[in-house]
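A.B. asks: Here's the letter readout for the chains.
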Amino acid sequence: MKKIFHTLFALTAVSAAAFSAPQTFDFKDPKGVNNAVFTLDAPLEAITGSASGISGTVEFDPSDPGVAKGKIVVAASSLHVPNPTMKEHLHGGQWLDVAKHGEITFEAKTLKNVKTSGDTTTADVIGTLTIKGVTKEVIAPVKLTYLKDKLGQRVPNLKGDLLVIRANFSIKRSDYGINPGAPVDKVSDTIELKLSIAGASPRS
Amino acid sequence: MTLVKRMLQILALVAALAAAGFWLAAGANRGWTKTSVPVKTLDEVLGIEGITYEKRFVPGLDFLGAAMLGAGALAGLSLLFRNKRNQMTK
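One line per chain: the protein sequences are R and X, in this order.
Each residue of the first sequence is one higher than the last, beginning at 892 in the working numbering.
Each residue of the second sequence is one higher than the last, beginning at 2 in the working numbering.
Quick caveat, the hints were computed from the structure, so don't treat them as lab data.
All C-beta atoms, glycine included, are put in the ideal place defined by N, C-alpha and C.
Hints are supplied without guarantee of correctness; some may be wrong.
[Unchecked claim] Simulated pairs of lysine-lysine, DSBU-like, Cα-Cα distance not exceeding 35 angstroms:
id, chain 1, residue 1, chain 2, residue 2
1, R, K991, R, K1050
2, X, K41, R, K962
3, R, K960, R, K1003
4, R, K922, R, K1050
5, R, K1050, X, K41
6, R, K962, X, K6
7, R, K1041, R, K991
8, X, K56, R, K1077
9, R, K1000, R, K1050
10, R, K919, R, K1000
11, X, K41, R, K1006
12, R, K1041, X, K41
13, R, K1039, R, K1077
14, X, K6, R, K991
[What the hints assert, rightly or not] Simulated restraints on C-beta separations:
id, chain 1, residue 1, chain 2, residue 2, range
15, X, G22, R, D1015, 49 to 59 angstroms
16, R, T1081, X, L12, 23 to 33 angstroms
17, X, E55, R, D917, 27 to 37 angstroms
18, R, S1065, X, A74, 49 to 59 angstroms
19, R, K1027, X, E55, 42 to 52 angstroms
20, X, A19, R, K1027, 42 to 52 angstroms
21, X, E50, R, T1011, 48 to 58 angstroms
22, X, N84, R, Q985, 20 to 30 angstroms
23, R, A933, X, M8, 20 to 30 angstroms
24, R, D932, X, K41, 46 to 56 angstroms
25, R, D1076, X, T3, 26 to 36 angstroms
26, R, G1009, X, A19, 55 to 65 angstroms
27, X, E45, R, D1015, 38 to 48 angstroms
28, X, L12, R, T1021, 53 to 63 angstroms
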């Protein structure tokens, strides 16, 4: 009897550990929905564009959302603004220098002020943002929505979960050496960033 | 008035009116000229608005300014041609 109890306890512990193990979500969206919108609202000119070349992975445990961490990568060459000359300047050496610095990365290290309600978790993510080779610590409010068993609704014949991440925060252009000499009345020093991305964790 | 002078003035007026009309018809964009416009589509499952860009020419104030400058240059060029009456009186 004691042996059976021990076996049952061990099985329960193993299955609990298996269920609470963090899942890896891949943010390379096959449908290309993931995007990061940037806005520079200067007194004389407002510039808005977006980036679509998003990839990376995030470790997320639905039973313990507060321990999420991972790395999101944005292909610098995917940054787009509707004016072709402006886009050329944006990708050029004075601004983002995409030929030399092809990736913009955000590495999430810890979450603070974690609040979970149902499938939605809000928190402040602390991580490092690297743009044009300059790395700075960033604290950004983030909203994580865990969509259990919803992968099949987006990608037929695939089973698994989805994780939607939304974050709105701002950075200083001059902090990252993005044409720091540009007049702030024409090109704002504050860059508002709006990240809307989703990752998939397929199950076999 | 010479024929060339009259032609240049009419051309300047037509260019200015056409540029202004095109700029107004395309939405009177007060920013820079765009060669693409964002198209947002909502992903029902994720609740995320995906952004794609559609190739479309949207003239901005730079286009309007350049057209007005061109029209002004044509009108200015017409001043180089003297009126017929002036030529005869001389």
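A.B. asks: If a hint holds in the structure, say so; if it doesn't, say that too.
C.D. replies: Against the structure, the hints come out as follows:
no.	hint	result
1	R:K991 to R:K1050	violated (39 angstroms)
2	X:K41 to R:K962	holds (26 angstroms)
3	R:K960 to R:K1003	holds (12 angstroms)
4	R:K922 to R:K1050	holds (16 angstroms)
5	R:K1050 to X:K41	holds (27 angstroms)
6	R:K962 to X:K6	violated (67 angstroms)
7	R:K1041 to R:K991	violated (38 angstroms)
8	X:K56 to R:K1077	holds (26 angstroms)
9	R:K1000 to R:K1050	holds (28 angstroms)
10	R:K919 to R:K1000	holds (20 angstroms)
11	X:K41 to R:K1006	holds (30 angstroms)
12	R:K1041 to X:K41	holds (22 angstroms)
13	R:K1039 to R:K1077	violated (45 angstroms)
14	X:K6 to R:K991	violated (55 angstroms)
15	X:G22 to R:D1015: 49 to 59 angstroms	holds (52 angstroms)
16	R:T1081 to X:L12: 23 to 33 angstroms	violated (46 angstroms)
17	X:E55 to R:D917: 27 to 37 angstroms	holds (28 angstroms)
18	R:S1065 to X:A74: 49 to 59 angstroms	violated (40 angstroms)
19	R:K1027 to X:E55: 42 to 52 angstroms	violated (35 angstroms)
20	X:A19 to R:K1027: 42 to 52 angstroms	holds (50 angstroms)
21	X:E50 to R:T1011: 48 to 58 angstroms	violated (18 angstroms)
22	X:N84 to R:Q985: 20 to 30 angstroms	violated (52 angstroms)
23	R:A933 to X:M8: 20 to 30 angstroms	violated (44 angstroms)
24	R:D932 to X:K41: 46 to 56 angstroms	violated (19 angstroms)
25	R:D1076 to X:T3: 26 to 36 angstroms	violated (48 angstroms)
26	R:G1009 to X:A19: 55 to 65 angstroms	holds (58 angstroms)
27	X:E45 to R:D1015: 38 to 48 angstroms	violated (29 angstroms)
28	X:L12 to R:T1021: 53 to 63 angstroms	holds (55 angstroms)
Comparing the model with each earlier hint shows violations of hints 1, 6, 7, 13, 14, 16, 18, 19, 21, 22, 23, 24, 25, 27; every other hint is respected.
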